[in-house]
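Undergrad: Fit chain Y to the given chain V structure using the hints.
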Amino acid sequence: MHGLINRSLQGFLRDTYGPALWSRIAEAAGVGAEGFEAMLTYEDDLTDRVIEAAADALAKPREALLEDLGIYLVSLEPLRRLLRFGGVDYVDFLQTVDELPERARLAVADIGLPDLILDAPEPDQFTLHFAAGHPGFAPVFAGILRAMADDYGAFALVDLDGERKVKVELLQTAYASGRAFDLARPEDA
Amino acid sequence: MDGLTVQDAALVGTDALGRLMPMYLWVTPNGLVRAVGPTLKKLCGAGPLIGTRFLDLFEVEKPRALLSMADVEAFSGQRILVTLKRGQGTTLRGQVQPLDGGQGWILNLSFGISVAEAVRDYRLTNADFAPTDLTVELLYLTEVKAAVMGELAALNRRLEAARAASEAQALTDALTGLGNRRALDAELIRACTLAARGEGQFALLHLDLDFFKAVNDTLGHAAGDLVLTEVAGVLREETRKSDTIARVGGDEFVILLRGETDPDRVERIGARIISELERPILYEGQPCRISGSIGVTLSRFYASPDPEMMHSDADEATYASKRNGRGRCTVWDGSSRPAEPEPGA
Chain V
1 MHGLINRSLQ GFLRDTYGPA LWSRIAEAAG VGAEGFEAML TYEDDLTDRV IEAAADALAK
61 PREALLEDLG IYLVSLEPLR RLLRFGGVDY VDFLQTVDEL PERARLAVAD IGLPDLILDA
121 PEPDQFTLHF AAGHPGFAPV FAGILRAMAD DYGAFALVDL DGERKVKVEL LQTAYASGRA
181 FDLARPEDA
Chain Y
1001 MDGLTVQDAA LVGTDALGRL MPMYLWVTPN GLVRAVGPTL KKLCGAGPLI GTRFLDLFEV
1061 EKPRALLSMA DVEAFSGQRI LVTLKRGQGT TLRGQVQPLD GGQGWILNLS FGISVAEAVR
1121 DYRLTNADFA PTDLTVELLY LTEVKAAVMG ELAALNRRLE AARAASEAQA LTDALTGLGN
1181 RRALDAELIR ACTLAARGEG QFALLHLDLD FFKAVNDTLG HAAGDLVLTE VAGVLREETR
1241 KSDTIARVGG DEFVILLRGE TDPDRVERIG ARIISELERP ILYEGQPCRI SGSIGVTLSR
1301 FYASPDPEMM HSDADEATYA SKRNGRGRCT VWDGSSRPAE PEPGA
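Taken in order, these protein sequences are the chains called V and Y. With my numbering, the residue at position 173 of the first sequence is 173, and numbering never jumps. Just so we're on the same page, my numbering is the position in the second sequence counted from 1, plus 1000.
One should not assume that every hint holds.
[As the list claims (entries may be wrong)] Pairwise CB distance ranges, derived in the manner of DEER restraints:
#1 V:R105 x Y:A1153: 16 to 26 Å
#2 V:A59 x Y:A1130: 49 to 59 Å
#3 V:P121 x Y:L1011: 34 to 44 Å
#4 V:L118 x Y:A1174: 53 to 63 Å
#5 Y:G1150 x V:A180: 21 to 31 Å
#6 Y:E1167 x V:A59: 40 to 50 Å
#7 Y:G1089 x V:A180: 25 to 35 Å
#8 Y:E1073 x V:R185: 40 to 50 Å
#9 Y:A1010 x V:L118: 26 to 36 Å
#10 V:R185 x Y:L1011: 40 to 50 Å
In short, the hints are calculated from the structure, not lab data. Just so we're clear, the structure is a prediction, and the values are computed from it rather than from any experiment. Note that beta-carbon positions come from the ideal geometry of N, C-alpha and C, so glycine has one too.
With the rest of the complex left out, here is chain Y:
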């Protein structure tokens, strides 16, 4: 004891009590409602309150053992949870304290986490809360949080849109640093246009890696990624700066060799690439063995080179390489297509 504690009972009128605790309930020793705070009264709605049995007004949720008013004393000071049997059936939390002189109990209630719904359901205002109550601050914070989250969500949407836009505009394959399909398409259209005008011929090589799936399946994706990076290195090594190399699929590459008109020369370049690819690549001490099938076509085979047609012919040559045992380079047979195809319409 600090010597200042007063043991006298404080006499407080019910109106004053209501201002201090707008959601209090005074229950008589025999379990009848004696007085109600103004906010709790609002929650109870119409109908008589004073003289009503406490247990007719509320369902006690916790502690479950509190079944009759005789048990109340045992739970004084503990947190109790009750549900209002009237109105919106709001669940409230509170604590019970016995009064001096056999006057019964005071139950002080408050909204739990469901305060926002209660404020809406009962149209509560600032005046329904004691000035010491932080409920209004809680509501304020709820709104502020919603506003800030809204700003963050908007920021995320803008960033996502920017990311998607930059990805769509990207011309580089992230893993190998080679061009991607977009980059290749643009280069090939340009090359075809120049070739059609007689301003520069080129060779188109399709390279499909052989046994790559086996590396991926046995040694994992990290090994696969390493192999792809090494392949990119080989292709850079075996081509010139003016050529275009692109990775257009998981294990598919396309090379555009500018100025090439000689099928034999291109076939030799293809064979050299394949022999380089066949050098085992070490991944964590394990050799990864792959090869490649190459199909080639030349712009000079066409009167008016068309990207789609050239891709299709290079593909056909690639399949021929695969059919003939993989690990080889096939030049598409230019004579199998009419030398001067009629342009459509």
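If we strip away everything but chain V, and leave its shape as in the complex, we get:
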């Protein structure tokens, strides 16, 4: 698993639950004292051990923990901005969400996100299938899609459907005002 993904997991656990708990999880999982390095690649096993140790320590189901990771990712401003490049509104975003792995590869060629297939049987129904890859991606994406609905000010039900499927039911596209997004980078403004 790419270091960026492992480091996201580490950042999520440390920022949300404190450095002491992260240290305990890292030790239990066999992660070195320095933690993960963003630009290195690690064995999938190690990532799984971190997830398992964290779920254990927090007495939380694995899926719920990974959904929270997805929500945490959207709370990081640079990442939220990159996601907002996906569309002008939530529907636009959903319609191009299957381009996300490709966008990620554009940024970091060996990031290793699994391919997504988007299925939209009804205008307000979206299903995201994860063709292959680690089963942890579907719950993380569920968290991301839920947080992005909030970010766009849309009202949607996002649910995990089995190991490799996320369902989105759009109830209202303009439910709240959503958060601002400017194409120009804020520090340049």
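TA: Frame of chain V; chain Y shown alone:
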């Protein structure tokens, strides 16, 4: 021709044209603006546009030869560079195509590499770009690149800090594999403490290489490095495992001989080291000739041996060796310092 090419003119309304090319400009044969795409209109700001002279609106940067609208036809299809005379004075690139039926020209413009500034200056959104335009992807990539570079820079900072920390903790001289000054300082403090408690005396030797600079200057640093490595070999050869050898400067070495109390014996060891150093070392067939000046002091000269004082006395003896013609070993005269120096305060 593939037989499918249609030669008919396509009739397109200005609104549709604006959606296809949000930064187009329709210029009449006499050089007046006839219609403007929505994004380009945003760039032009307030003030009348339709009916304005094209050359009053834009400065043509390239091709320089394009001075009047009469020249436009000659440049159709080529890349042209224009600067907007209004608003932020943005430079745009584009191409001109003549229209059928004497309707003038279409100029389609786009942002060049300065797109990020333009997006900021004019507060452009996704809707200002045609869906076929990759500008938004370019902006995305710019941000992604900044984020990835940030991670790399952070990684470099962490690696640099780790490198500095490990260097600071290192006890070995990288070239010779001998101890460095840090290693020596630690050993000498320990040895002084033991000696003060009467648990073991020692001799401290300072060795300054003679003529080393000449080797470096005439044969180069590689020769110098070889000599230093050979010197380290000699010192290892002439001492015991329990002794400490350190390289403390470019051509300065310090040896701590444990258990030595006899000045004559230490002087003989020093003389043996010097005679070994004086064997020419071959570097690419060239003999490198050096020697060494040694100064010695013994822990038993002091009631309470102090590293700093011992270094200073060994130095004094080394200078005596140099003064007396180099290539010799001098033992510091223990009687020149009061036998039982008063400890300060």
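Undergrad: Does each hint fit the structure? Answer for all of them.
TA: Consistency of the hints with the structure:
1. For R105 (chain V) and A1153 (chain Y), the Cβ-Cβ distance of about 22 Å falls inside the hinted range of 16 to 26 Å, so the restraint holds.
2. Checking the proposed 49 to 59 Å range against A59 (chain V) and A1130 (chain Y) shows it holds: the Cβ atoms sit about 52 Å from each other.
3. Distance hint check for P121 (chain V) and L1011 (chain Y): the Cβ-Cβ separation is about 39 Å, which falls inside the suggested range of 34 to 44 Å.
4. One distance hint, 53 to 63 Å for the beta-carbon pair L118 (chain V) and A1174 (chain Y), holds here, with the actual separation near 57 Å.
5. Against the hinted window of 21 to 31 Å, the Cβ-Cβ separation of G1150 (chain Y) and A180 (chain V) comes to about 22 Å, which satisfies the hint.
6. Restraint check, E1167 (chain Y) to A59 (chain V): a C-beta distance of roughly 45 Å satisfies the suggested window 40 to 50 Å.
7. Checked against the hint of 25 to 35 Å, the pair G1089 (chain Y) and A180 (chain V) passes, with Cβ atoms roughly 28 Å apart.
8. In this structure the hint that E1073 (chain Y) and R185 (chain V) lie 40 to 50 Å apart at CB holds, the actual value being about 41 Å.
9. Under the hint 26 to 36 Å, the C-beta atoms of A1010 (chain Y) and L118 (chain V), about 34 Å apart, fit the expected range.
10. Between R185 (chain V) and L1011 (chain Y) the beta carbon distance is about 41 Å. The supplied range of 40 to 50 Å therefore holds.
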